[in-house]
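Chains A and B are the protein sequences, given in the same order. Just so you know, we're using numbering that gives the first Met the number 0 here: the first sequence kicks off at 0 and counts up by one. Just so you know, we're using numbering that gives the first Met the number 0 here: the second sequence kicks off at 0 and counts up by one.
Bear in mind the hints are in silico, worked out from the structure with no lab data behind them. Yeah, the Cβ is synthetic: ideal placement off N, Cα and C, and Gly gets one too. Relax, there's no trap hidden among the hints.
Partial list, derived from the structure: chain A residues whose beta carbon lies under 8 Å from chain B:
{"no.": "1", "residue": "Tyr66"}
{"no.": "2", "residue": "Ser67"}
{"no.": "3", "residue": "His71"}
{"no.": "4", "residue": "Ser105"}
{"no.": "5", "residue": "Lys134"}
{"no.": "6", "residue": "Val136"}
{"no.": "7", "residue": "Ala257"}
{"no.": "8", "residue": "Arg297"}
{"no.": "9", "residue": "Pro301"}
{"no.": "10", "residue": "Leu390"}
{"no.": "11", "residue": "Asp392"}
{"no.": "12", "residue": "Val513"}
{"no.": "13", "residue": "Leu516"}
Here is what each chain is made of, one letter per residue.
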Amino acid sequence: MTTDTTRRPMTVALLGNPNTGKSTLFSALVGVRQRTGNYPGVTVEKKVGRTTIGETACNVIDLPGTYSLAPHSPDEMVAVDVLLGRQAESQRPDVIVCIVDASNLSRNLYLVSQLIELQRPLVVALNMVDVASDKGVQIDVERLSQNLGLPVIPIQANRKQGIERLTAAITEAVENQQGGVLTKRDSPLPAEWQAEVTALETLSRQVNGAPLPRYLLERLVLDTGYLETADLEGVTPPVREAVAAARSRFTTDGQSPAVMETIARYQWVAQITDGVLTQTTQTRVTASDRLDHVLTHRVWGPLIFATIMLVIFQAVFNGAVIFMDLIEAWVGSAGDWIGAHMPDGALQSLMVDGVVGGVGSVLVFLPQIVILFFFIAVLEDCGYMARAAYLMDRLMSRIGLSGKSFIPLLSSFACAVPGIMGTRVIENRRDRLVTILIAPLMTCSARLPVYFLLIAAFIPATSLVAWRLGPISWSLTLQHVTLLGLYVLGVVTAILAALAMKRTILPGETPPFVLELPSYKFPDVRVVLHRMWERAWAFICRAGTLIFAVSILVWAAAYFPHDAAQVEAPFAQRRAELAAAIEQTEQMPDSAARTEELVALSDQSERLENEVAGAYLRQSLLGRVGRWMEPLFKPLGWDWRIGCGVLASFPAREVVVGTLGVIYNMGDDDESAGLRESLREATWDGTDRRVFTIPVALSIMVFFALCAQCISTLAIIRRETNSWRWPIFSFTYMTVLAYVGALLTYQIGRLF
Amino acid sequence: MTTLADVGAGQKARVSSVSGSDAISLRLLEMGLTPGCEVSFVGKAPLGDPLEYSLRGYRLSLRRVEAERVLVDMT
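Same shape as in the complex, but just chain B:
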């Protein structure tokens, strides 16, 4: 299964679902990572984590463990 953490430089993906329904998953959904949303990878912090994404016209930073909760389809 491909997750958001697997999206590499210059790649885009479409969210298919967010696993789990605890407060963290809910926060990811609230921030707009809902099914169908297009996300592109922007970069990662100098120490390799967190990661930076672009979606819905803004920049969002997530830790790798959080990005792994977001299942995506590559576009």
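So here's chain A without its partners, still in its complex pose:
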């Protein structure tokens, strides 16, 4: 054997049914040396890990879990393209490893029967032999290997057992192929069928110069709709015609060739497993079955589900707050430190408000993402996720979605960013897109500062229902009802939006809810930790940069042109007077009166500085755009200052509170009762008409309930859909909804 290390790296493709422990095997093979990305044009995640087998460097491609290699969508076509070497960005695999669940052999071998036809070196990794024997099933591995004509290696991925034998088998399979040995394998499909495909192969060679892969031709004849319309390289009109002719010859009694394929393959599976499986005991009721009986029980099932959801929601909503506050405090002190160590000016402002603020607005999402993905990974890995979808399906199917959309939507009440990242559990592309598009309508925690400020300032705390029991009293006020109303508004709009999208831009028949309910198992710590890390890192890398860039842009719009001479001039005299007064007071003998006077003066000086900051914002680019756009805001009852606040809150909704503070000369301390006061007293420029009335406050809140003022959400939509189309669409439809909603609220509110 040569020890030539300059050899090109070997490519291994890892494939298998869902719930077979594929992620665990992938981790066992490559450890932490994995990279994730997206295949161009689809939403499938590309996972590649690096390892060394023997002395050969090795790229392991982890393909998405699938029951069948028949592509029904561009996403499913990716696996076929990778395996055939038609995927531009990856090498054609030298060897395919198919992981098979021993406790569920016949359905898993269906995929193996398709892989065999690729005519590539293939190794079967037989996982979960222990689960099979729990179920009372023994497998004759040697006989299975003989029947298949393939190496079959028993492994226990979660205990890293059998990995060495597996890698040895991988090397051997590749070397045998280089020596020209590839065991002859018979296709389960009938001979007439084989002849048809051979004819097509010949034809494609004549037409294109080189033949199309045999497997692709088979798939074209068997196709149920997707490939027919797909634009595939090398499938020229004459090939298409010949394929259509072959299809019609194989359509008997209205049964498409695809139906014949499934039946033929399962017949083949029955032959292969003949004598391989022995039922040692009568069908046993396993611990997993008993657990399932409780978890899907009519009464206990929903109760346990609700409890789990409550725990997750609490953890993401409240648990993350501790860490978010910590991050905000660090970011704040980093800003203060830089502020103290750099001279005043544009660069200081850029560092403090732009760079540090921008980094902070990325990091602040991490606690929620990490916590949510901890729970999602645990639920997925232990097998409960499928039950959650099973329990919630009926409810979600009323709005045209499936049970799998429930958890992503629920977590969007804390924050849409982890919620949208959580839609990966939904395999159906259309369901996943609809879920992504409506998730930002759930009332997330970033809307609460806006709601709290405006409700406290403008909605009277009139008690509607009061209840008292000894020292405990509780009353439902108009303020509570308003807040509840805003939550309901979000949910109702989301339901209507989902129904509308299913009928318009994302039409098609309801996708099937054919869901495997896997056996329960203890979650694998490595897989869970890895999933959390992977999600957090993906967010920082690919959404973080965009969020950061937009934060800097908005900072620049609110800072420049920063004409100091012009802005500071009107304040120069008051500033000088104040400085003189402070100096005079400081020379007074120490007394209570002196202290009081100093406090009063420093208050005045702070107010003056807030006014200056307000003046800067008014003359900034943002202020000018706000004033220029005032005619657009007027029908909503807003003056240009509210408009400015809304524009500045494009990176994140809660920013509007700080911006309103600055623009109303209150500084950016959002806790202050002073901001509430100055909002109440604000008047339209040049008049004494109050800006904020109840309809205006409601119109702002409705706007924020429905708008997409959150660059993080848009950035994560961009990442998850791998296209700019969907974030642009989200922003447009939500902004239109928000504008119309705010308009109606104000115009109707004015009538009362």
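With chain A fixed as given, assemble chain B onto it according to the hints.
Then chain B, alone, in the frame of chain A:
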């Protein structure tokens, strides 16, 4: 005609065919609901739908409308 949706608690049935040949029917076949396969009813979700079955050593959940596509013979 008896369909999989008619199989009740504790009952078993043998698949005779799957009606239709669209993507949904094909998915049912791919999941192993091929002629001759033995299926038993496990239960239904608290809201009455979807349904849970046991076949080929694993548990499968289907909506009622999907189960109605699978024609069966009671055993």
